[in-house]
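Colleague: For reference, the chains in residue letters:
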Amino acid sequence: MNTILSLLRPRILSAINGLRPNNGKSNWPRFFMYGSLGIIFWTGTFIIFYRVLFYFQSVQDFGDILAMKLISMLIITFFTLLLFSNIINCLSHLYLSQDLPLLHSLPVSSKKIFFSRWIISTFDSSWMIVAFSFPVFLSYGLIYKAGIIFYVIFLAAIIFMCLITSALSGILVLFGAKILPAGRIRTILIILGVAMTLFLILVLRFTRPEQLVNPDSFASVVLYLNSMQTPDSPLLPTTWITDTIKAALNGEIKSCLFNIALTGTCALMLIFISNIIAQFAYFNGFSKSQTTPKRLFAPVKYKGYNWESLLNFLPRESKAFAVKEIRTFFRDSAQWPQLFLMAALIAIYIYNFSVLPLDNFPIKAVYLQNLFSFLNIGLAAFVLTAIVARFVFPAVSMEGEAFWIVQAAPVSIKRFLWIKFFLYYIPLIILAEVLVVVSNLLLRVSPFMMFLSTITIFCLVPAIVGMAVGLGAVYADFKSENPAQTVTSFGGLLFMILCFCLIASVVILEAGPVYYIFMADIRAQSISLLQLIWSVISFGFASFLCLLAFFYPIYLGEKKLGIR
Amino acid sequence: MIKLHELTKDYGTTLAVNKLSLNVAAGEIYGFIGPNGAGKTTTIRLMGGILAPTSGNIIIGGLDMAQNPVEAKQMIGFVPDRPFLYEKLTGMEFLRFSADLYNVRHDTFPQKAQQLLQQFALADWADELIEAYSHGMKQRLIIASALLHDPRILIIDEPMVGLDPAAVRMVKDILKELAAHQTTIFISTHTLSIAEDLCHRIGLIHKGMLLAQGTLDELKHIANLGEARLEEVFLTIIKENTFI
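In the order they appear, the protein sequences are chains A and B. Heads up, the first sequence is in my numbering, so the first residue is 1 and it goes up one at a time. Heads up, the second sequence is in my numbering, so the first residue is 1001 and it goes up one at a time.
Think of the hints as simulated: they come from the structure by calculation, not from any bench. Note that the structure is a prediction, hence the values are computed from the model and not measured. For each residue, glycine too, the CB sits at the ideal point set by N, CA and C. Please note that the accuracy of each hint is not assured.
[As the list claims (entries may be wrong)] In silico DMTMM-like cross-links for lysine to aspartate or glutamate, where the CA-CA straight-line distance does not exceed 20 Å:
id, chain 1, residue 1, chain 2, residue 2
1, A, K319, B, E1231
2, A, K479, A, E325
3, A, K479, B, E1131
4, A, K479, B, D1081
5, B, K1207, B, E1231
6, A, K559, B, D1064
[What the hints assert, rightly or not] With the Cβ distance kept under 7 Å, some of the chain B side facing chain A (calculated, not the full set):
id, residue
7, G1048
8, I1050
9, T1054
10, K1088
11, F1109
Modelling step: build the complete structure from the supplied sequences, incorporating the hints.
Modeller: Structure below.
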């Protein structure tokens, strides 16, 4: 046990040392920002669940069924999230971390290294789920007036769930590393990405939530109620966890103890099994993962054709950076699952518009379609922000320790940042415009709304990409093992918040003028002088905000990288 | 060719380089030695334009690095102490990338790249991803890419780390030949025998300050040592904190 503690100590000490002031700079702004965001999410989750459960309580009989079904759905969702999160963390902590060669050189058994790493992985994967399940179950406890025992049982059940998913993931990853050929460990990530994408699409296809607005689908409400009360399989840990929490809520002590005992023993047994497997399989798998990875796909070359020639219009240094960026991006298999997920996100986004039952709404369709279209500007910009946060914000950090090449090269930092900007801006503006135009076509909006949407997105995209490149440079982390995760850093969160503020400001500034112009168009009237002045000022200020977000962060990034 | 004037780098908590002044002439090989944490790598990074100085000037081929960084860097071939590269590019692709940045002529690039890859025993690995290279191969690739644009100044931090004896000999021969053709070479190293064999002049830095500089004989004189090896000279000067 002492060895395990010694192996965990570097991680604990690093976390403690991370609280120290960094180079004389206080960490308080960082803590304040993370703390505030955490409290906002926590409180928001609590309020939403409390209100929902309160509403359920007002519906006789059916309310209780719904509340219990919600627990079951939440546990399945948490379980799935934990499983995916644990697989990715286990892979990283057990096979990919840079300190592993050092650990394996120590006079410590591989089983102990596995166990210490597994503990870290479990913590990293689970703390957020545990923290954000509290407000959910606190609202249950308050609504159902549960005693302190409910909270104790709930905490134990959630911890056992984390241990079960983590042990299962450990076993899965151990087998994956054993079966897959040398150097292909990262391929698991790709398989996972594809599996998740398929899972999302299937869920979307089969649930068809748009039918909820179709009154014909409520014909068989009895069948629906019956299906809600159907118990889940008694062989699944999710069923035991759900039953534990339900029994604790209803004060059924026997059932509660039985189910928590089942869950706990299952967790302990899985941990034991994973350790036994690790004893025989971990080191071999680690050793295989250290061998040189072969290229997953052999380079394809067509005689007389070279894709690089498509970039010949660029100045030479810019082309060099563009080619380097494209190659490194597409050869990094860790990027692929993210691409699949983004593709799924966009597909779902467009699909949602295609199934909106516009003709079934009781409200006047033309008004609703154009309202959706206006809101769609903000939504599309948020989707874009998510993509930009994942791919563009870490772009400067992705240079990693090789950033010295850029610094030593006869290319200014300003130029380097602008090259990065245009590399991402061009595909993203195309993507964003396609997203908005396609969804507007599906909504059958007026020409004015189509014009407004495309112009607004045309202004927002450079602003969002500019902020990502600029703030990504200001908060660049060239020493990160996984630069893609910089988006969860202080800088990444700041970028997301600023983007949210920018998009919200632009949408709010445009809302008034758009309403006047739209209503005047419907009534075949012209807008008044005051409305015209207001419109000019609003659109002018929105444009100014976009320009500011476009240029200023890149200027800040240039300054920051220049004085390193 | 290289002129450092009152160069200072203060990291806030550490004064890494303290009013360092020195000159290196064209065709000279200047060795920069000192204990760990003396400020060698910081000086090299300042000269390569990777760090900005707190005060002082760096003049490269008559150009001030602060005023004309792009033009000054064009003259330099830079080799860092640790071979971090773009792991997802092949060796040849990385050379092409460097050639584009340093404006190597398109018509001469293929021949020059092949010649360097052959010279550094990397020709068979040219189309393999850099992530598959060993430490020594990456180091050789960086040196090859630094020579691709025929730099007038070569700045190298620990050139021999990770190289096998044959590669060490080859790099030494290349550096001597370059110096003979008027390339200025600034080397930082811990390996005193290399400084002894290779360098026309040696500078000794300690706690960010240049304690002594000169030919090996001049350093022996400063340290009041007769027929001594550089190692003894180094230890004596460091111990006594002898100033120039």
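Colleague: Would you mind marking each hint as holding or not holding in the structure?
Modeller: Outcome of the hint check:
1. A:K319 <-> B:E1231: violated, 48 Å
2. A:K479 <-> A:E325: holds, 19 Å
3. A:K479 <-> B:E1131: holds, 17 Å
4. A:K479 <-> B:D1081: Since the Cα atoms of K479 of chain A and D1081 of chain B sit roughly 16 Å apart, the hinted pair holds (cutoff 20 Å).
5. B:K1207 <-> B:E1231: Holds. K1207 of chain B to E1231 of chain B sits at ~18 Å (cutoff 20 Å).
6. A:K559 <-> B:D1064: holds, 19 Å
7. G1048: Holds - the Cβ of G1048 of chain B comes within 7 Å of chain A, reaching about 5 Å at its closest.
8. I1050: holds, 4 Å
9. T1054: Where the cut-off is 7 Å and the nearest Cβ of chain A is about 10 Å from T1054 of chain B, the hint is violated.
10. K1088: holds, 4 Å
11. F1109: violated, 11 Å
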